[in-house]
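> Given two chains presented individually in distinct reference frames, assemble the corresponding complex, making use of the accompanying hints.
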Amino acid sequence: EAGVVQSPRYKIIEKKQPVAFWCNPISGHNTLYWYRQNLGQGPELLIRYENEEAVDDSQLPKDRFSAERLKGVDSTLKIQPAELGDSAVYLCASSPGLNSPLHFGNGTRLTVT
Amino acid sequence: GESVGLHLPTLSVQEGDNSIINCAYSNSASDYFIWYKQESGKGPQFIIDIRSNMDKRQGQRVTVLLNKTVKHLSLQIAATQPGDSAVYFCAECAGGGNKLTFGTGTQLKVEL
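Each protein sequence line maps, in turn, to chains A and B. Heads up: the first sequence begins at 1 in the working numbering, then just goes up one per residue. Heads up: the second sequence begins at 1001 in the working numbering, then just goes up one per residue.
No lab work stands behind these hints, which were simulated from the structure alone. Treat the hints with care, since some could be wrong.
Straight-line alpha carbon distances no greater than 20 Å define the calculated SDA-like cross-link-like pairs of lysine to any residue that follow [unchecked claim]:
| hint | chain 1 | residue 1 | chain 2 | residue 2 |
| --- | --- | --- | --- | --- |
| 1 | B | K1099 | A | E53 |
| 2 | A | K11 | A | F65 |
| 3 | B | K1099 | A | E68 |
| 4 | A | K78 | A | Q17 |
| 5 | B | K1042 | A | V5 |
| 6 | B | K1042 | A | S66 |
| 7 | A | K11 | B | K1068 |
| 8 | B | K1099 | A | D56 |
| 9 | A | K16 | A | N99 |
| 10 | A | K11 | A | N99 |
| 11 | B | K1042 | A | K16 |
| 12 | B | K1042 | A | N24 |
| 13 | B | K1099 | A | K15 |
| 14 | A | K62 | B | K1109 |
| 15 | A | K78 | A | G97 |
| 16 | A | K62 | A | N99 |
| 17 | B | K1109 | A | K15 |
| 18 | A | K15 | A | N99 |
| 19 | B | K1068 | B | T1101 |
| 20 | B | K1099 | A | N38 |
| 21 | B | K1042 | A | G3 |
| 22 | B | K1042 | B | K1109 |
| 23 | A | K78 | A | A67 |
| 24 | B | K1109 | B | S1030 |
| 25 | B | K1056 | A | S27 |
| 26 | A | K78 | A | N99 |
| 27 | B | K1099 | A | K11 |
Source: prediction; values computed, not measured.
This is chain B alone, in the form it adopts within the complex (with noise of 0.2 Å):
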């Protein structure tokens, strides 16, 4: 399927190595974040979510950082393997509602 990955901001890593994804927020008053995994052809899959009052939350093999002082996010993986190749998206929603507004995705490449 096309890809909507294209003229995307591209990270490539080594099977194997540790990947790191960053996100810049806009705005300070989001309370929740989520990071989202979107393989061509398909809808954004949920990966991790964290809510304000904590600046760190793991799951397996990723990890979620916020730094809320600067409106930073950042979505790691461990061991990254070619299944996780995809566009990654860091997801903000203010005020306690529902309403998502989603930043610019990244493209991760694992090279074998």
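Same shape as in the complex, but just chain A (with noise of 0.2 Å):
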């Protein structure tokens, strides 16, 4: 079984650039999520789908951050214009559903400088 796919796997920007992450499920996880982690910190939820619907945007700073899960399978997480604060690792993770573990990707180490 193929895992979750990320790409890129490092990126490095200028602050108020744009970048964007992509993510590729495991093929039949209807639950996907975005979530980012600091150095030293665990993974905190930025945004969690059911199929192609957000249904926990909470903790996503919607300012600059945007999220689409088009056709309910591959993802892509945004970021307009990014900041200092950005930088960090961004995981994708699905799962195939409630109480379920979260598999999760390798992750994109993004650098905003």
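Below you can see the structure in the form of structure tokens.
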């Protein structure tokens, strides 16, 4: 079984530039998550999708962050414009249903200079 | 790759010894718990989970203990190996939903 695939693995941009991350979840997993992980901390949820519907985006900074999951499969997370404090690892995860383990990708490490 | 374990609590054990990693969770309504292992440059990897109707669950070389009275979770790793070196996170989920909240990680270092 292929795992959660994320790209790119690394991204370096200057502040005020836009950036986008892409995620392909495990086949058949209806629930998709975006987490952000700062150095030395646990992942923090940004947004959760059930199929194509965002069911929990309360932690997403909506002034600059946006996400979409067209057709309920792949997802993209965008930041525009990026700020220095956005430097972190952005993790995508998927799960088959309620109270099931989340399966994580290897993340995109974003550095904003 | 850059470690995600900087500034984390650290547990050092000798190869072959047993490891115990502890976690205090915050939400008394949490009913599902997961332990994850995270190696440098990788995403968290599922190790073992437990539901609130259980107090112990065993896997291959790992055991999770749940004490709901004091809201405490532990992960025991038997015969710790160098490949077990990583950051370990506990995560809790409340109310039957799928919102997983992660705790502070612990860096496990296995000394040869």
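> Work down the list of hints and note, for each, if the structure agrees.
The hints, checked one at a time:
Taken as a hint, the K1099/B and E53/A pair is honoured in the structure, with Cα atoms around 15 Å apart against an allowance of 20 Å. Straight-line distance between C-alpha atoms of K11/A and F65/A comes to about 16 Å, which keeps the hinted pair within the 20 Å bound. A threshold of 20 Å between alpha carbons decides the hint, and for K1099/B with E68/A the separation of about 18 Å falls inside it, so the pair holds. At roughly 11 Å between alpha-carbon atoms, K78/A and Q17/A fall within 20 Å of each other, so this suggested pair holds.
Between the alpha carbons of K1042/B and V5/A the distance comes to roughly 12 Å, so the proposed pair stays at or under 20 Å and holds. Between K1042/B and S66/A the alpha-carbon distance is near 24 Å, which puts this suggested pair outside the 20 Å criterion. Under the criterion of a C-alpha separation no larger than 20 Å, the hint pairing K11/A with K1068/B is inconsistent with the structure, at around 42 Å. For the given pair, K1099/B sits about 8 Å from D56/A by alpha-carbon distance, which is consistent with the 20 Å threshold.
The suggested pairing of K16/A with N99/A is violated, with an alpha-carbon distance near 38 Å, which exceeds 20 Å. Taken as a hint, the K11/A and N99/A pair is broken in the structure, with Cα atoms around 32 Å apart against an allowance of 20 Å. For the proposed pair K1042/B and K16/A, the alpha carbon gap of about 27 Å is over 20 Å, so the pair is violated. For the hint linking K1042/B to N24/A, the alpha-carbon distance of about 16 Å falls within 20 Å, and the restraint holds.
Straight-line distance between C-alpha atoms of K1099/B and K15/A comes to about 31 Å, which puts the hinted pair past the 20 Å bound. For the suggested pair K62/A and K1109/B, the alpha carbons sit about 39 Å apart, so the restraint of at most 20 Å is broken. Annotation: proposed proximity of K78/A to G97/A is violated, straight-line Cα distance about 25 Å (limit 20 Å). Proximity of K62/A to N99/A is assessed by CA-CA distance (about 27 Å); at most 20 Å being required, the pair is judged violated.
Taken as a hint, the K1109/B and K15/A pair is broken in the structure, with Cα atoms around 36 Å apart against an allowance of 20 Å. A C-alpha spacing of about 38 Å is found between K15/A and N99/A, which places the hinted pair above 20 Å, so the restraint is violated. Using a Cα cut-off of 20 Å, the hinted pair K1068/B and T1101/B holds, with the two alpha carbons roughly 17 Å apart. For the hint linking K1099/B to N38/A, the alpha-carbon distance of about 19 Å falls within 20 Å, and the restraint holds.
At most 20 Å may separate the alpha-carbon atoms for a hinted pair to count; K1042/B and G3/A meet this at roughly 12 Å. Note on K1042/B and K1109/B: the hinted pairing holds, with a Cα-Cα distance of about 17 Å set against a maximum of 20 Å. The hinted pair formed by K78/A and A67/A meets the criterion: a straight-line CA distance of about 6 Å does not exceed 20 Å. Distance restraint check for K1109/B and S1030/B: the Cα-Cα separation of roughly 29 Å exceeds the 20 Å cut-off, and the hinted pair is therefore not satisfied.
Proposed proximity of K1056/B and S27/A is contradicted: the alpha carbons are some 31 Å apart, above 20 Å. For the hint linking K78/A to N99/A, the alpha-carbon distance of about 28 Å lies beyond 20 Å, and the restraint is violated. Taking the CA atoms of K1099/B and K11/A, the gap is about 27 Å. The hint is violated against a cut of 20 Å.
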